[in-house]
Amino acid sequence: MISVSEKFYFYYFYHVFKHYFSIQQIGIMSKVKVTLKVNGDLYEAAVNQSKTLVEVLREDLQLVGTKIGCQTGDCGACTILLNGKSVCSCLTLAIEAQNKEITTIEGIAKSGEELHIIQEAFVNEGAIQCGYCTPGMVMSAKHLLDKNTTPTELEIRQALSGNLCRCTGYARIVKAVQVASEKINQSVTEK
Amino acid sequence: MDPKKNKNNLIGKSIPRIDAPAKVTGKALYTGDIVLPGMLHGKILRSTVAHAKILNIDISAALALPGVKDVITAKDTPCVKFGNWRLFPQTQDELPLALDKVRFIGDEIAAVAAISAEIAEEALTLIKVDYEIIPAVFNVDDSLASSAPMIHDGNPDNTSNISLDRKIDVGDIEAAFKDAYYVREDSFTVHSHSHAYMEPCASLAEVDSEGRVTLYTSTQTPYIVQCLLASTMEIPENYVRVIKPSVGGGFGGKMELRAWDFCSAFMAKRTGRPVRIVLTREDELAVGRRRHGMKIKSKVAFNKDGTIIAKDFEAYLDGGAYNSMGPTATFLCGNFGAMIYRYPVYRYRGYHVYTNLPPSGAMRGFGAPQALYVSETQMNMAAVDLNIDPIELRLKNAMVTGDKIEGVTTISSAGLVESITKVAEMTNFLEKKKNLPKNKGIGIGCYSFISGGVFNWFNTQYNFSSCEVRVYDDGTAHLLTMSADIGQGSDTVLRQILAADLGLPVEKIRLTAGDTAMTPKCDLGTWGSRVTLMNGNAILDASKKIKEQLSKMASLKFDLNVIHEVSFSDERVYAKANPKRGITFGEAVKMWVKANRGEELTARGYYTPRDKGLTTPAYSFGAQVAEVDVDPETGVITVERITTAHDCGTVINPLGVEGQLEGAIQMGIGYTLCEQFAMRDGKTLNTTFLDYKIPAAEDMPEIVSAAIDTYEPEGPFGAKEAGEGLVIPTAPAISDAVFQATGYRCKELPITPEKILRATGKI
Ligand code: FES
Ligand code: FES
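Residue numbers (this note's numbering), protein chains in the order written: chain A, 1 to 191; chain B, 1 to 763.
Please note that a few of the clues may not be correct.
Capping the alpha-carbon separation at 25 angstroms, the derived lysine-lysine pairs in DSS-like fashion look like this [stated by the list, open to error]:
hint, chain 1, residue 1, chain 2, residue 2
1, B, 297, A, 110
2, B, 297, A, 175
3, A, 183, B, 13
4, B, 297, A, 85
5, B, 612, B, 693
6, B, 27, A, 37
7, B, 693, B, 297
Here are a few chain A residues that face chain B, going by a calculated C-beta distance under 7 angstroms [said to hold, decoys possible]:
hint, residue
8, 60
9, 64
10, 129
11, 170
Calculated from the structure, these hints are not laboratory results.
From the three backbone atoms N, C-alpha and C, an ideal C-beta is built for every residue, glycine too.
All chains should be modelled from the sequences, with the hints used to inform the complete structure.
Okay, structure coming up:
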C-alpha cells in the first residue's frame with residue numbers, strides 16, 4: 001500500500017522503541033509551526049517535531065474521521081492521501097506533510113449531504129460494520145481507483161491488503177470497490 | 001414460507017446500516033474521538049512482572065511532574081472487587097487497581113491524569129513499584145501441580161488454582177461405554193487468540209458537582225458497566241450514566257467493567273475535570289482479554305452403525321489471572337460438548353484454572369468453538385474408522401427440533417440436517433472427496449450457537465431486555481433501547497423489527513440506543529447473540545401495546561364490529577377485511593392523544609426468557625465445508641473456498657447476516673491458521689499487527705453461502721442467532737481438509753506449516 005522508504009523505517013522504529021528512550025530526550029522537542037493543506041483548506045498549528053500527522057489531524061485540527069488502530073503502520077485505519085498517494089498518517093510526521101496536498105475522509109464527499117461514489121458504494125453494498133476501518137479503507141480504495149479505474153478483484157484485494165478489517169471478511173468491501181469502479185467508468189463514458 | 005415472515009416486506013429485506021453514512025464520512029464518533037472542555041489525558045501503569053507482592057508504590061516523583069493532575073493507586077480507591085458473575089460473589093475476584101499483589105504482566109497498578117498524553121506517559125515512568133517476586137505458573141498443568149503458588153490466596157474457599165468447575169451428568173456413563181462397539185478417545189489443545197477489534201478500548205468520564213458520573217466507553221454492555229462502576233466507586237447506580245458511542249468491534253472483548261473505565265471516572269471525580277484514557281494496540285495485544293486456551297479430553301462411544309451412545313468430555317480452561325467471563329466459557333463449553341448430535345449419555349467435567357497470564361474472557365462463541373473443534377474433529381476421525389461417510393455419520397446423529405439435553409435445554413427449532421444436506425449438495429462433497437487431486441483437501445465442520453443466555457449470572461433484578469416506544473402524530477416513532485450496536489448491526493435490525501410491526505418505513509423510526517440515562521432498564525447488552533431475539537421480543541411487546549391503543553381509534557372512527565382485525569401497514573391503521581376503512585398512523589396517534597387529553601402515547605416492552613432450561617431460548621445451527629490446497633514443500637495452506645449452509649431462523653436483514661458470516665470466516669481462518677500469541681514467561685511477545693497476523697483481503701477464500709429456511713417460535717418473526725456461531729465450524733472444516741490433503745490430523749491448534757512438514761516427514 002505504501003512505499004516504505006527508509007525514512008518511514010526510522011519512524012516505525014521510533015514508535016516501537018520510544019518507550020526505551022526518555023521522552024524528554026526525544027519526545028518533547030521544541031514546537032515548530034507547520035502549515036498543512038488539508039482538504040483544500042490551510043491550517044496552521046504549532047506542533048512538536050515528533051508529532052505524527054495523524055495526531056495533528058485528530059488533536060490539533062479536530063479531523064477525527066481518520067482513525068488510529070495501531071500506530072505502527074500495520075492496520076491502515078489512519079490512511080490518508082498525501083499528494084494523491086495513500087500513506088499511513090501514523091508513520092508520517094506532520095512536519096513532512098508541509099506543502100503537500102492532504103486529503104482525509106472528511107474531504108472526499110461532494111457535500112454534507114452527498115457522498116462520494118466510493119462512499120455510496122460502501123454504504124449500499126454493506127461494506128461497513130463497526131466502521132472503524134472504513135475511513136482508511138475508503139482512502140485506500142480512492143487511491144486505487146484514482147490511478148486504475150478498472151482494477152481486477154486481485155488488484156483490489158492487493159490494494160486493500162494494508163487495511164485490516166475484523167468485521168466484514170472484506171467480501172463486501174471488495175464488492176463495493178468493484179461497484180464504485182463501474183460507476184466511475186459509467187460517469188466517465190456519460191460525460 | 002411462514003406467513004408471519006416478510007411482514008410488511010421489511011422482514012427479510014436487505015437494508016444498508018442506518019449508521020453507514022456517518023461511518024463512511026468519518027462523522028461517527030468513537031470514544032477516543034470525543035474531546036470535552038478541560039479534558040485530561042489518563043494513562044495506566046501496568047505490572048512488568050507476572051506474579052509478585054506489591055511492597056511499595058512511590059508516586060511522589062510522578063505527582064511532582066508539572067502538568068500531572070492526579071495519580072492514583074488502589075489505596076486511594078474503595079477497593080471493591082468486581083466481576084460479571086454477581087450471582088456468585090466469590091467469583092468476583094478483580095480490583096480496578098491491584099492492591100497488594102499483581103498476578104500477570106499487565107495487571108493494572110496505578111493511573112495518572114495529566115494535561116497531555118505525553119506528560120501522563122512520562123509520569124508513568126516516574127512511578128516506582130517495589131515487588132517481591134513470587135513463582136509464577138504459565139499453563140494449566142503447572143498451575144495444578146501441588147507445588148504451584150496460589151494465585152488468589154486470601155480466599156479461604158480456594159484450595160487450588162481451580163477457580164470453579166462445572167459438572168453435567170446425564171445417564172450412566174460407565175455402563176454406556178461398556179457396551180460400545182467403537183470408542184474414540186483423544187486429547188486436544190485449543191489455543192487462545194485475540195479479538196483484534198480494530199478500535200482499541202477507550203473511556204472518557206466527567207463527574208458533575210453533585211458527584212454524578214457520565215462515562216463514554218467503548219463497550220458492548222452499558223448496563224453492566226453502569227452497575228459495576230457504581231459498585232466499585234461506591235455510589236448509587238442512578239448516579240452513573242454510561243453512554244456507548246460508536247464502537248469499533250467487540251466480539252466479546254468489551255463486555256466488562258475495565259480498569260480504564262474506573263480510573264477515568266475516579267480521577268475525573270478527584271480532579272473535577274474530564275479524563276480520557278485511550279489504549280494502544282500494544283496494550284490490547286499484550287494484556288487484553290483473549291479467547292480461552294483449553295486442554296480437552298474427549299471420549300465418544302458409537303454403535304456399529306455409527307449411532308452415538310455416549311460421550312465423556314473433560315476440559316481445563318486456561319483462565320489467566322482473573323475469572324473475567326471464564327465461568328460462562330466453562331459452562332458453555334460443557335453445554336456445547338453435548339450439542340449438535342444426540343448424546344443419550346453425557347458427562348462433562350469443566351475446570352476453570354487460574355494462571356499468571358492475561359485473563360481470558362468472552363470471545364465470539366465463547367466455549368463453543370473449543371468444544372466443537374474437538375467434537376467435529378472426532379466425528380471426522382470416527383467416520384474414517386467406522387468407514388461411514390462423514391455426511392451420513394452426521395445425519396444419523398444430528399439434533400432435530402424437539403431434542404433435549406436433560407435438565408439443560410430443549411431445542412425449539414433446528415435446521416442442522418437441512419444444513420448438512422445442503423452444504424454437501426452445494427459442494428458436491430462426497431464426489432469431490434473421493435476424487436481429490438494431490439495436495440487438495442475438502443473437509444466439513446458443523447456448529448450450533450445460542451440466541452442469548454437464560455442464566456442470570458449478572459443477577460439483575462430487571463428484565464433481561466427492555467425498550468420504550470413513543471409514537472407521534474407526524475407518523476413517526478421513537479425507539480429507546482439500551483441495546484448496543486458494536487458493528488453487528490442491531491441499530492438497523494431493531495428499527496426494522498419495529499417498523500415492520502407498526503407498518504412504518506424504517507426511516508420513520510428514530511432510535512436512541514446505548515445510553516443508560518435515556519433508555520429503560522435494562523438490557524444486558526450485546527453478547528451471546530442475544531440482541532435480535534431478546535430486544536426484538538421486547539420491541540414486539542411494546543409495539544403490541546401501542547397497536548392495541550391505536551386499533552381502538554380505528555375501531556371507534558369506523559364503528560368496526562368487534563370481530564374485525566385491525567392491520568398496520570403502509571403507514572395506515574385499518575380494518576383488515578376492508579382496508580378503505582382506515583386512517584393514517586399519524587391520525588390515529590393524534591386521535592389517541594386527543595382522547596387522552598394530551599397524554600403522549602408510549603409503551604414499554606420487556607422480555608425475559610422464562611422456563612427455557614439453563615442455556616438459551618433458541619439455538620442456531622449450520623454446516624460448513626472448506627476446500628484447501630497445501631503446498632507439500634512449504635506446508636503453506638491456502639483456503640480456496642468456504643461454503644456454508646446455516647439456520648438462523650428468519651433472516652431479518654440478509655445484508656447484515658451475510659456480512660457477519662464473511663467476517664466470521666475471516667476470524668475463523670485466522671484462528672485456525674495464523675493467529676496465536678507468542679508467549680514467554682507470561683509475556684506476550686507479538687504485540688503489533690506485524691507480528692500478530694490477522695487475515696487480510698488477499699488471504700480470504702471464495703465464500704459461498706445459503707440460509708436454511710426455518711422458523712424459531714421463540715424469536716421475533718421467527719429469528720434467532722446469526723453470526724457469532726459461524727466462527728465455530730471453520731477450524732474443524734479446514735482441519736479435516738488439511739487431513740485429506742496431507743494425512744496430518746491436527747489435535748493442537750493452530751495448524752501451521754511447520755506442523756504439517758513435521759507430520760509429513762519433511763523436517
Ligand atoms: S494506525 Fe496507522 S496503520 Fe494502524
Ligand atoms: S468494519 Fe469493523 S473493522 Fe472493518
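Right, here's what the structure says about each hint:
Note on residue 297 of chain B and residue 110 of chain A: the hinted pairing is violated, with a Cα-Cα distance of about 59 angstroms set against a maximum of 25 angstroms. With a CA separation close to 43 angstroms, the supplied pair residue 297 of chain B and residue 175 of chain A exceeds the 25 angstroms bound. Using a Cα cut-off of 25 angstroms, the hinted pair residue 183 of chain A and residue 13 of chain B holds, with the two alpha carbons roughly 24 angstroms apart. At roughly 53 angstroms between alpha-carbon atoms, residue 297 of chain B and residue 85 of chain A are farther apart than 25 angstroms, so this suggested pair is violated.
Pair hint residue 612 of chain B plus residue 693 of chain B does not hold up; C-alpha atoms about 40 angstroms apart against a cutoff of 25 angstroms. Taking the CA atoms of residue 27 of chain B and residue 37 of chain A, the gap is near 20 angstroms; set against the 25 angstroms cutoff, the hint holds. A hinted pair counts as satisfied when its Cα atoms are at most 25 angstroms apart, and residue 693 of chain B with residue 297 of chain B does not qualify at roughly 29 angstroms. With its C-beta approaching chain B no nearer than about 11 angstroms, residue 60 of chain A sits outside the 7 angstroms limit, and its interface hint is violated.
Here the hint on residue 64 of chain A is kept, as its CB sits about 4 angstroms from the closest CB of chain B, short of 7 angstroms. Of the supplied interface hints, the one on residue 129 of chain A holds, with its beta-carbon coming within about 4 angstroms of a beta-carbon of chain B, less than 7 angstroms. The restraint placing residue 170 of chain A at the interface with chain B holds, with a minimum CB-CB distance near 4 angstroms, inside the 7 angstroms limit.
Checked against the numbered hints given earlier, the structure breaks hints 1, 2, 4, 5, 7 and 8 and satisfies all the rest.
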